[in-house]
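First to last, the sequence lines map onto chains Y and L. In case it helps, numbering that gives the first Met the number 0 puts the first sequence at residues 0 to 440. In case it helps, numbering that gives the first Met the number 0 puts the second sequence at residues 0 to 258.
Bear in mind the hints are in silico, worked out from the structure with no lab data behind them. Be aware that one or more of the hints could be misleading.
Straight-line distance between alpha carbons at most 16 Å, and here's what the computed EDC-like set of lysine to aspartate or glutamate pairs gives [stated by the list, open to error]:
| id | chain 1 | residue 1 | chain 2 | residue 2 |
| --- | --- | --- | --- | --- |
| 1 | Y | Lys402 | Y | Glu103 |
| 2 | Y | Lys140 | L | Glu36 |
| 3 | Y | Lys271 | Y | Glu250 |
| 4 | Y | Lys147 | L | Asp28 |
| 5 | Y | Lys180 | Y | Glu345 |
| 6 | Y | Lys184 | Y | Glu103 |
| 7 | Y | Lys147 | L | Glu29 |
| 8 | Y | Lys39 | Y | Asp20 |
| 9 | Y | Lys36 | Y | Asp398 |
Only some residues are given here: those of chain Y computed to face chain L with a beta carbon under 10 Å [to be verified]:
| id | residue |
| --- | --- |
| 10 | Ala21 |
| 11 | Glu55 |
| 12 | Pro99 |
| 13 | Ile101 |
C-beta: ideal position from N, C-alpha, C; glycine also.
Spelled out, the chains give:
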Amino acid sequence: MKDKTSKKAKTDEISATIKVDALARIEGEAAFTVKIKDSKVIDAKLRVFEPPRFFEAFLRGRRYHEAPDITSRICGICPIAYQMSSIHAMESAFAVKVSPQIRELRRLFYCGEWIESHALHIFMLHAPDFLGYEDTIQLAKDHPDVVKMALDIKKLGNDIVKLLGAREIHPLSACVGGFYKVPTKKALQPLIERLRWAIEASVKTVKFTSQLTFPDLEKDYEFVSLRHPNEYPLCEGRIVSSKGLDIAVSEYEDYFEEEHVKQSTSLHSFIKGRGEYLVGPLARFNLNFDKLTPRAQAEAKAVGLMPPCKNNFKSIIVRAVELLYACEEALRIIEGYEMPEPSRVEVHPIGTIGHGATEAPRGILYHRYTLDERGTIRSAKIVPPTSQNQKIIEKDLTDFVSKNLTLPKEKLGWQCEQLIRNYDPCISCSCHFLKLNVEEQ
Amino acid sequence: MAQHKKPKVAVWKFASCDGCQLSLLDCEDELLAVAGEIQIANFLEASRAVVNGPYDVSLVEGSITTPHDIVRIQQVRKQSKYLITIGACATAGGIQALRNFKNVKDYITAVYAHPEYIETLALSTPIAANVEVDFELRGCPINKYQLIEVICALLNNRKPNIPKYSVCLECKQNGNVCVMVAQGVSCLGPVTQAGCGALCPAYNRGCFGCFGPKETPNTISLSNRFSDLGMKKDDIIRIYRTYNAFAEPFRKESEAYER
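Assemble the whole structure, with the sequences as input and the hints as a guide.
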């Protein structure tokens with residue numbers, strides 16, 4: 000990583016540009032630039048260099064049942080999120096009703112992705128920032144037990160995905176209507192002991208992350224997440240916000256809009272008439288604390304984490320709480336599992352529009368498809384969580400640098416990177432996403 | 000192994016989903032052992048520490064889609080003793096090579112409000128179309144054990160043991176019942192290179208070609224069989240046009256049905 004930083008004394012005013020040309024420990028290619036003039040941040044930009052891949056364009060003309068496999072290729076880190084959002088969009092379009100057993104199995108599948116993704120982000124991408132390591136391999140030299148535990152948790156998440164979907168990356172069992180094949184009750188049994196272990200490991204993770212030092216950046220964010228009457232949101236729910244939004248998924252585009260800005264191949268989202276908002280673990284936690292398991296609630300409380308938490312640096316603790324939740328939820332599903340029969344229901348395409356939104360590890364992932372009577376996709380729209388967070392990341396950079404102008408530039412630059420990683424940005428997802436620059440004036 | 004003798008390995012990303020390089024981090028049981036044998040000199044997804052080239056091994060993920068990336072891959076080549084492509088994007092152009100069959104300008108205006116902000120090439124090309132490549136590892140995504148095999152082979156100066164036969168062979172070894180023969184399900188297995196472990200037929204579905212064309216594939220014969228199974232022309236075009244659409248045997252076969 001190149002870090003060009005400089006500081007020029009002009010009387011007592013600070014003018015500088017903090018710049019990182021290739022952000023590390025994120026999924027994809029991006030950079031950031033923060034320009035400071037006369038002790039004021041005049042510009043903060045997150046630039047996305049990820050080459051555009053045009054998924055929405057080449058989905059046109061494909062059949063509805065191809066969408067889960069094709070869209071999963073947008074992101075190797077959260078393929079299940081893409082599969083689930085596209086499947087739910089198609090099922091809402093064709094009014095497909097799946098059995099409760101299939102619904103449960105989808106939650107288990109998604110829990111696997113959350114466990115894998117959260118363990119990866121907490122320990123391999125984010126914790127090194129808090130502890131001053133360049134990467135997890137260096138972290139492993141001083142804290143081998145922590146990294147070993149992290150890898151074991153991550154592997155468990157991957158194994159859940161693999162058991163249901165045949166492989167960890169771009170699994171292949173999920174389809175519109177259910178699954179091509181479902182596991183037997185017996186096949187899931189070996190996961191039980193490992194999940195019991197992972198629940199305790201997650202509790203340790205909550206404690207471990209809560210003892211980190213958090214830069215001070217409390218903000219009055221508008222949090223947006225799904226909310227379901229009976230469960231912590233994964234696949235279904237209404238879209239709600241901390242400032243009173245409460246809409247059906249199908250109304251998404253009436254309230255949210257995307258704009259195309261120059262520095263980015265990713266589109267930036269905002270709430271019409273209001274502006275930027277935050278999606279992801281912090282939003283889910285603040286809006287759905289009451290739906291966490293009693294244990295997850297208690298462990299959060301025990302480390303002083305209560306909604307509303309307004310410091311997104313603490314999202315690392317929230318991810319640990321969600322990790323605990325996902326392990327408990329996976330265990331609950333496996334213990335009550337009955338094999339769905341049949342594994343998938345028949346689907347009858349009609350010409351219509353379908354909407355789907357699910358909670359990817361990084362936040363809401365919205366899909367919309369216009370379909371003809373054969374089930375051929377006529378148009379597609381995909382809004383990944385990282386596009387939705389892009390505006391708020393730039394706002395955070397401005398606010399954070401403004402408050403910390405006197406920090407040594409190397410430290411400030413690194414903390415800006417850490418701030419960006421609070422969002423677990425996925426540049427490949429936003430297709431489109433991230434690079435950090437602080438520029439001299 | 001002495002510290003200074005550890006081979007320097009770099010990981011580079013072009014247009015891709017990150018999944019293939021994630022395979023390296025998914026080697027939970029092997030990660031620390033592998034990291035002990037090599038010096039990870041450039042792996043942005045995992046580390047902010049960067050060691051300058053030259054590198055002994057460069058693992059390249061993604062396809063070439065922008066003018067800037069043409070320059071970048073040439074720099075990677077110059078700095079690398081061995082250049083290994085990992086995955087369908089780097090080896091065949093990836094799913095984003097579907098643009099190669101269309102006018103890319105229409106694609107840009109379909110996705111972006113300001114086409115003037117977008118810099119992209121008309122074609123998404125594999126790495127080998129731009130620079131010399133020492134080994135191509137197939138898959139969407141790659142098989143992580145094949146990746147470890149390639150790294151180990153290079154570290155020991157031997158040829159990687161990666162079979163080029165079809166998925167059918169793996170499928171038979173696994174004892175699967177043929178989905179095409181028994182259920183009439185269309186399957187690309189006969190023309191697709193092995194490596195995944197024949198996963199799809201074991202999951203009641205046909206192979207959809209993640210590992211690209213095998214050596215000397217008989218696509219014409221397979222397409223005839225697809226027609227017999229009731230597949231229409233556009234169905235046949237679409238089955239060849241996914242993650243390895245621009246690999247020559249698949250490209251030619253799909254184009255034959257466009258006429």
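Here is what the structure says about each hint:
no.	hint	result
1	Y:Lys402 to Y:Glu103	violated (46 Å)
2	Y:Lys140 to L:Glu36	holds (15 Å)
3	Y:Lys271 to Y:Glu250	holds (12 Å)
4	Y:Lys147 to L:Asp28	holds (9 Å)
5	Y:Lys180 to Y:Glu345	holds (14 Å)
6	Y:Lys184 to Y:Glu103	holds (13 Å)
7	Y:Lys147 to L:Glu29	holds (11 Å)
8	Y:Lys39 to Y:Asp20	violated (22 Å)
9	Y:Lys36 to Y:Asp398	holds (14 Å)
10	Ala21	holds (6 Å)
11	Glu55	holds (5 Å)
12	Pro99	violated (22 Å)
13	Ile101	violated (15 Å)
Violated hints for the displayed structure, listed by number in ascending order: 1, 8, 12 and 13.
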